Amino acid sequence: MASYRLVAFLFPPKRIIARSLLKKMLDPLGEKKPATCLAVRGTLMFKQEHRLELEKVPARVLLVEDSKFYSAVIRQQVETLPNIILDSATTLKDARQLLEAHSGHYTMALVDLNLPDAPNGEIVDVVGKHEVPTVVFSSNFNPKTKEKLFAKGIVDYVMKDSPVALEYLVELVKRLLSQSEKKVLVASKCAKARRKQVQSLNNLQLSCWACESGDEAAKILRKHEDIALVLIGDELKDCSGVELVSKLRKDFRSSHLSILAIPDTETDFASQYLRYGANDFLRQPYSPEEFQCRINNALKSQKLLTELEAAATRDFLTGLFNRRAFFDTAATTLAFAMRNNQPLALAMVDIDHFKNVNDTYGHDVGDFVIKKVAEVLQKEVRGGDTVARVGGEEFCLLMPNLDSDNINTIFTRVRAAINAISVPTPQGVVHVSASFGITIKITPDIEVMMKAADQALYQAKRSGRDKFVMAEQTS
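When the letters of the sequence shown are read in order and numbered with our numbering, they come out as residues 1 to 475.
Note that these hints are calculated values from the structure, not bench results. Quick caveat, the model's predicted, so the values are computed rather than measured. Keep in mind that a hint or two might mislead.
Heads up, simulated DSS-like pairs for lysine-lysine below, C-alpha to C-alpha not over 30 Å straight-line [said to hold, decoys possible]:
1) K174 - K144
2) K93 - K68
3) K160 - K146
4) K174 - K160
5) K451 - K355
6) K93 - K160
7) K93 - K174
8) K192 - K223
9) K129 - K192
10) K144 - K300
11) K68 - K129
With beta-carbon atoms standing in for the labels, derived distance ranges [claimed, not checked]:
12) D226 - M338: 47 to 57 Å
13) H431 - Y168: 49 to 59 Å
14) T329 - K300: 20 to 30 Å
15) D94 - K300: 28 to 38 Å
16) F69 - F269: 42 to 52 Å
17) E122 - K300: 29 to 39 Å
18) G362 - N340: 45 to 55 Å
19) D226 - H353: 17 to 27 Å
20) E122 - E289: 14 to 24 Å
Positions of the beta carbon are idealized from the N, C-alpha and C atoms, including for glycine.
The whole structure should be built from the sequences, with the hints applied where relevant.
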């Protein structure tokens with residue numbers, strides 16, 4: 001494991017890490033420190049039985065509030081969230097007992113700063129000793145107290161001064177619970193900066209990787225495409241921060257990856273980082289609160305860009321690529337196949353007698369059939385294949401490295417899976433079939449290949465439907 005020292009996956013202290021379960025998963029590996037393993041978040045790399053066990057664990061939240069009114073309002077809102085357990089305490093003593101009883105199981109704590117038996121914020125230290133991310137709420141605003149609390153690693157400081165503040169608190173809980181699925185990479189030569197940033201990210205319930213070189217950063221991002229944000233220092237072992245930003249932006253659009261530049265020293269090179277593709281720049285020295293705000297804003301912006309891109313490129317009904325996105329992707333795939341002299345298959349797929357389904361059972365049933373066929377196509381083809389909905393009941397498949405020897409096997413399987421679809425309705429069960437036209441003759445124009453496959457599809461329809469026909473066999 002020595003070679004993995006600085007390529008670390010760091011577990012945040014949240015619900016998926018029940019201590020006994022973590023020990024059970026790691027002991028067979030002879031590994032006692034999960035933060036030193038090169039790994040993906042638990043649900044991706046742990047064995048199936050452990051993954052299922054992890055997913056069953058609900059989020060456990062500790063609420064410490066002596067006001068019956070605020071406690072009732074917060075409980076009413078938080079308990080509506082799915083898969084959550086909310087424990088309540090009104091005193092420091094009660095909170096201690098709950099923390100001991102459920103040690104290692106709390107996802108977060110929501111604590112009032114002033115309690116009957118702890119009027120000076122002692123609750124924050126007690127919760128902190130159990131490594132539970134903490135949100136503090138208080139009726140009094142004191143800048144110095146707030147600064148001290150953030151220095152202790154709290155997640156946020158919320159005033160109890162209006163209904164808006166309570167709404168913000170509930171939204172914060174929602175965000176923290178959802179952020180367990182979000183992943184961040186910290187890339188910096190400075191070990192101290194890495195540790196500080198990772199700890200702050202873990203407090204925000206984010207899963208992290210950390211590395212010290214640009215080469216390792218690029219490898220991690222290529223391997224784990226679901227990393228949403230990367231924090232980059234001004235120096236790495238093999239390149240500067242600006243050079244890494246430039247390199248990453250060539251390979252990852254802002255809708256796929258947000259970049260926050262955080263120089264390890266005081267510097268005024270913000271314009272350079274932003275010019276070469278960084279989304280934001282955080283100057284030294286910065287406060288923990290500003291760091292957390294920048295992280296949240298970066299993730300929100302990246303999510304919005306992803307949603308906008310999906311709206312532009314995805315079919316609204318099936319979630320598959322739409323026609324426009326298919327042509328964009330196909331151009332790159334076709335050029336690669338021609339450049340490397342690799343086989344490429346294109347198939348047009350059409351649901352048989354679909355008009356009759358709409359006329360007999362209604363458009364709602366027709367839409368459901370389209371969605372089920374789309375699910376089958378996405379499931380049955382290979383990982384590198386492109387599936388798109390290009391018309392009402394028509395789909396197109398682009399399949400690199402698929403030659404004539406393997407076409408029969410794959411499309412026999414796809415056809416059988418579509419035939420297995422059955423949709424119960426008040427008028428009876430709807431059974432589904434589809435016809436396929438396929439070409440493996442590569443041409444520089446993707447539309448020429450689509451036309452050839454479409455002609456083969458026409459032959460499949462004419463000769464009885466529910467079959468696949470090769471264009472090269474009809475010419």
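A quick look at each hint next to the structure:
1. K174 - K144: 28 Å, holds
2. K93 - K68: 17 Å, holds
3. K160 - K146: 14 Å, holds
4. K174 - K160: 18 Å, holds
5. K451 - K355: Holds: K451 and K355 sit about 22 Å apart, inside 30 Å.
6. K93 - K160: 23 Å, holds
7. K93 - K174: 27 Å, holds
8. K192 - K223: Holds, at roughly 26 Å.
9. K129 - K192: Holds. K129 to K192 sits at ~21 Å (cutoff 30 Å).
10. K144 - K300: Holds - the C-alpha atoms of K300 and K144 are around 29 Å apart, at most 30 Å.
11. K68 - K129: 26 Å, holds
12. D226 - M338: 47 to 57 Å: Violated - the Cβ-Cβ distance for D226 and M338, about 31 Å, lies outside 47 to 57 Å.
13. H431 - Y168: 49 to 59 Å: 52 Å, holds
14. T329 - K300: 20 to 30 Å: 27 Å, holds
15. D94 - K300: 28 to 38 Å: Given about 36 Å between the Cβ atoms, the range holds.
16. F69 - F269: 42 to 52 Å: 50 Å, holds
17. E122 - K300: 29 to 39 Å: This hint holds: roughly 34 Å between Cβ atoms.
18. G362 - N340: 45 to 55 Å: Holds: the Cβ-Cβ distance is about 47 Å, inside 45 to 55 Å.
19. D226 - H353: 17 to 27 Å: Distance hint for D226, H353 is violated at roughly 40 Å.
20. E122 - E289: 14 to 24 Å: With a Cβ separation near 22 Å, E122 and E289 satisfy 14 to 24 Å, so the hint holds.
This entry does not satisfy hints 12 and 19, going by the numbered hints stated previously.
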